[in-house]
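Take 1 as the starting number for the sequence shown in the UniProt record's numbering and just add one per residue.
It is possible that part of the hints are untrue.
In silico SDA-like pairs for lysine to any residue, Cα to Cα no more than 20 Å straight-line [what the hints assert, rightly or not]:
#, residue 1, residue 2
1, LYS32, THR53
2, LYS94, VAL107
3, LYS27, HIS55
Derived DEER-like restraints, expressed as beta-carbon distance ranges [claimed, not checked]:
#, residue 1, residue 2, range
4, ASN88, PRO134, 23 to 31 Å
5, ALA97, GLY12, 43 to 51 Å
6, SER108, THR34, 27 to 35 Å
7, LYS94, ARG20, 20 to 28 Å
Note that these hints are calculated values from the structure, not bench results.
For glycine and all other residues, C-beta sits at the position ideal for the given N, C-alpha and C.
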Amino acid sequence: MGIQIKRVGHVGILVSDFERSFEFYTKVLGCKVTSRRRRPDGAETAFLRFDETHHDFVIAAAPEGVDVSENVPGRARLVQQVAFEVENRDEFMKALAHIHTHGAEIVSGPLTHGIESGGNLEGSGSRSFYFLDPDGNRLEIFCDGMKVPNGEQFPRAEYADAIKDFMNKKAGSL
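The task is simple: from the sequences and hints, build the whole structure.
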């Protein structure tokens with residue numbers, strides 16, 4: 001058995017314009033600043049959080065002369081997405097309106113993943129929308145993701161019909 005990872009601790013990204021990205025993540029997404037410092041190479045880094053965790057997210061200015069749009073071996077550039085969870089559907093709709101108001105490009109959604117919208121049984125049931133930060137990184141806001149107990153695979157084949165029935169009833173109550 002592999003390492004027993006508890007959760008994703010944080011995500012860090014390189015940004016092309018530190019001030020622009022700092023404003024986006026603090027003003028538009030509402031990140032709290034744990035610390036902001038200058039690295040030995042002179043570029044700035046900010047450790048950002050959403051709750052009492054020291055940091056959930058890190059933005060780092062690209063070193064001088066580094067183009068963050070290039071995918072350079074040994075220096076990851078391409079992140080498929082970073083997802084941020086909100087408490088409930090009301091907060092989800094507020095977030096959608098807020099992101100739209102601030103002019104971020106919404107590239108997909110709002111949508112529901114999985115069986116609730118006629119998709120596959122492996123879907124989480126979460127409601128999501130996807131948008132871009134100032135550097136074109138794809139971000140997701142989501143709520144209502146399903147929990148899967150440790151040691152179980154989702155969905156177990158013998159529960160597929162019951163899950164589909166439950167999700168149809170849940171969708172009908174909205």
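Cβ distance range 27 to 35 Å for SER108 and THR34, holds or violated: holds, 30 Å
Pairwise hint evaluation, HIS55 against LYS27, where the allowed Cα distance is 20 Å at most: It holds: about 17 Å lies between the C-alpha atoms, which stays within 20 Å.
20 Å limit on alpha-carbon distance, applied to hinted pair LYS94 and VAL107: Satisfied, since the Cα-Cα distance of roughly 17 Å is no more than 20 Å.
Pairwise hint evaluation, THR53 against LYS32, where the allowed Cα distance is 20 Å at most: Roughly 10 Å separates the two Cα atoms, so the pair holds.
Supplied distance hint 20 to 28 Å, evaluated on CB atoms of LYS94 and ARG20: holds, 24 Å
Whether the CB-CB distance between ALA97 and GLY12 falls inside 43 to 51 Å: violated, 28 Å
Satisfaction of the hinted span 23 to 31 Å by the C-beta atoms belonging to ASN88 and PRO134: holds, 28 Å
In summary, the one numbered hint that this structure violates is 5.
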